[in-house]
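From just these sequences and the hints, can you work out the full model?
Taken in order, these protein sequences are the chains called A, B and C.
Its first residue numbered 99, the first sequence is counted upward by one per residue in our numbering.
Its first residue numbered 47, the second sequence is counted upward by one per residue in our numbering.
Its first residue numbered -10, the third sequence is counted upward by one per residue in our numbering.
The hints are simulated quantities; they were obtained by calculation from the structure and are not laboratory data.
Since we're looking at a predicted model, the values are computed, not measured.
It cannot be assumed that every hint is accurate.
Straight-line distance between alpha carbons at most 27 Å, and here's what the computed DSS-like set of lysine-lysine pairs gives [what the hints assert, rightly or not]:
| no. | chain 1 | residue 1 | chain 2 | residue 2 |
| --- | --- | --- | --- | --- |
| 1 | C | Lys287 | A | Lys268 |
| 2 | B | Lys149 | B | Lys168 |
| 3 | B | Lys245 | C | Lys282 |
| 4 | A | Lys245 | C | Lys41 |
| 5 | C | Lys282 | B | Lys244 |
| 6 | C | Lys280 | B | Lys245 |
| 7 | B | Lys245 | B | Lys162 |
| 8 | A | Lys268 | C | Lys41 |
| 9 | B | Lys260 | B | Lys244 |
| 10 | B | Lys165 | B | Lys213 |
| 11 | C | Lys41 | C | Lys282 |
| 12 | C | Lys315 | A | Lys268 |
| 13 | B | Lys244 | B | Lys255 |
| 14 | B | Lys149 | C | Lys287 |
| 15 | C | Lys280 | C | Lys235 |
| 16 | B | Lys98 | C | Lys129 |
| 17 | B | Lys165 | B | Lys149 |
| 18 | B | Lys239 | C | Lys282 |
| 19 | C | Lys29 | C | Lys200 |
| 20 | B | Lys165 | C | Lys29 |
| 21 | C | Lys41 | C | Lys287 |
| 22 | C | Lys315 | B | Lys149 |
| 23 | B | Lys252 | B | Lys263 |
| 24 | C | Lys280 | B | Lys239 |
Distance ranges between label pairs, derived from CB positions [to be verified]:
| no. | chain 1 | residue 1 | chain 2 | residue 2 | range |
| --- | --- | --- | --- | --- | --- |
| 25 | B | Met101 | A | Asp259 | 49 to 55 Å |
| 26 | A | Glu260 | B | Ala232 | 56 to 62 Å |
| 27 | C | Pro272 | A | Asp263 | 49 to 55 Å |
| 28 | B | Ala232 | C | Arg258 | 38 to 44 Å |
| 29 | C | Lys287 | B | Ala247 | 30 to 36 Å |
| 30 | C | Asn180 | B | Ala235 | 50 to 56 Å |
To spell it out: a stretch of chain C is covered by chain B in this simulated footprint if at least three of its residues, at any positions, have a beta carbon under 8 Å from a beta carbon of chain B; those stretches are [claimed, not checked]:
| no. | stretch |
| --- | --- |
| 31 | 50 to 62 |
| 32 | 76 to 88 |
| 33 | 174 to 185 |
Ideal placement from N, C-alpha and C gives every residue a C-beta, glycine not left out.
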Amino acid sequence: MTPDLPAIFTRLRAELPAATLAHLRNPGPSGQDSLLVAPACLVAVCQFLHDSADLDFDLLSNVTGVDWPDPALTDAVALPAEGSAAAVGGFLEVVYHLYSTSRRVGPLVLRARSVDRAEQVHIPSVVAVYRSAEYQEREIFDLFGVKFTGHPDLRRILMWDEFLDHPMRKDYLAPDDYQYEPTPHDAVLEKAKQHYTATSES
Amino acid sequence: MSLVLNKSMEHPATSSRAATPPPAAAWTLPGIGLLKGLAVTATNMIQSYYRKDRMTTVQYPEERATISPNFRNFPFLAYDGADAMAGLRCTACLICENECPPKCIYIVLDRDENGKSLKRPKVFDIDVSVCMNCGICAEVCPFDSIYMDGEYELSTTDRFEGLLFNKQRLARSTDYHAQLRPLEAAEVAARRKADEDKKLAAQAAKEAKAKADKAAKEQAAAQESELS
Amino acid sequence: MPELDEDQLLHVSLGPQHPSTHGVFRMNVLLDGETVVSLKPVFGYLHRNHEKIAEGITYLSSMPFTDRLDYICPLTNNWAYAQAVEKLAGIEVPERAEYIRVITAELTRLINHSAFVGFFLGDMGAWGSALMYAFREREKILDLFEDLTGARMMSNYMRFGGCRNDLPDGWAAKASVLVNEFPRFLDELENLVTGNEILIARTQNIGALPKEALINGGITGPMLRAAGVAYDIRKVEPYGIYDRFKFRIPLGTTGDCYDRLMIRLLELRESLAILRQALDQLPEGAYIHPKAKIRNFKPPVGEAYARIESPKGELGFYLISDGSAKPFRYRIRPPSFINLTLLEDMCLGLDLADVVLILGSIDIVLGEVDR
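Encoded structure:
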């Protein structure tokens, strides 16, 4: 059963008046609207949703990273309500899907956005509230570059430790040192030829 | 450097370790349970000597296992008539190349000296070492020209050129298609014939109308000249 | 907490090439004698960046890649993805297609849990016997899938709005015969497994955790139900037509490895019940929505998260569409990956031999862990 987002929104506004929240509408047919939460109050919001007896969102099912290089695109996909902060340049976003196993309610979608995609990519970790975020936040750090403050063991999980760069970002350039490709043609063939003159044949 | 057992995760909701692990189940002498299990394995072993459904080994290559007629392996290009290259149905529309998930299809459109498209491929390569046999190319083709073959004995000693199939290697006649997948081929043939008939009927209707119009115009002109 | 000097501890690196790690999975285990002091899993050896590939190809082209996620259960992966796209685009599925989906999903559950029992017994040292019996039954179901989809494992069968093709003639009858003969195999398996004293001694009282810790750790699927939490997405949030079938949800008591094994054996029987009902009620009709688009499929702008109860746990897909033919963000919520979160907690204080069993009882497939 999908949660009553406006009711939860007003409840959060009442319980955590210092929190910066916005209700974002989902323009598609799925009807899954989301709550935009400022990173500073993210842990407080999660703690409240987890501890509150009548909401009881105890299962953090999914933590996803999204790379928004262009804020105009975000505005199209998740329309901001009036009063939400305008983004400066692009940003990285973390999306949380919460479920309540006892009330059989879900998914409650929370979003937290970083300031930009370069240096200010810090978002607080919710591992202290939901242990299931442990590996998923490591994966977002690995693939997107979001730094989760307060995570007990933030290191790469899917790529090897010495890897540089973050593959899931939209501007990631794959390395061109392909191994021999059987059907090279066009651009792939040009790249392969460059490497074969440089390296010695064995 | 000293190591302490996990001190992190002290939050009561997340601390998931018991203080000490509970004792393992008491060891009991293996008895009835084990004997029942041994009876099952013994039965299986004895039955494997005489039950036909337990003898699943097929003496390949003298025998071959029966394979479902719907089995799909690598694609082939269909051609009508006797000449493979002239009868290829492919128009090099590039839809299969764009939809192919691992991008194993490489097509070059054939153009004449003015650059106008000749609606046939000059190059149609499929790299079967990359092809994942998904069948999406066959599904999206709008011209009934690419289908999934069922051939699987394709080993070759040349790992690069031997596994790059060009359009000559890929071409198979529609008779082959009808033999391989009779239901699908029959349905395609029926649909193509219906489309062809509809086109001919529309053509005939257009010609008849043009003739009728011409006859009416001539009659009107004749009447005019009579009056004048 | 005892202070242990690292020089006194034995560092064992289990994997990535190891017959018992269910794929290319590595565990850095620190042992004090035979007791586990610390266990850090290392994976990513099978990481193929499926999510990035999906951003560069169309929605339909991603379907064969979903087969290769949890490669023991390709049809349920297909269904989860098809459901997410249908939610994203607001597409309806005809009734016959829903029945076909349930039938293939429950058959997939049969092959997954049979293979699980086989591999679990292999982990315990009964190398091969139970596995080959399970694989014999699996072969019959794989033959059915080959007839239906064209391939034994990599089925690529679900489409947005239904299925790729209709059931071939005689398929439902063959499936019914299989469903009627399957309980004999289950009885044989239970005779082999259930009362076995060695198995009981090895699997009981290891790997159990409190229920709240499991839910907090994001554990879903048979592991959660073995601990006594009645959370099965087919009952809690019925997708497709699961609300039409009468079936029970087996629950365990302690959540140890023995319970997890027994839960899966009981779930096999419930799957057979669902299959019998679905094959009886199978209606005539379209196998795909008549307006379903294969080429030029562009869902409207928006996002959707859809989840199903796969044999491993909650398999979810989160899709963001920007209106074009390719997804803007394609995310798989992998049950195997998240079920590994509490692996260390389950293994602390136990012996190394128990670690292998606990890992086996989580039932991971590396294609899903690493994507």
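*Failing hints, ascending?*
15, 20, 32
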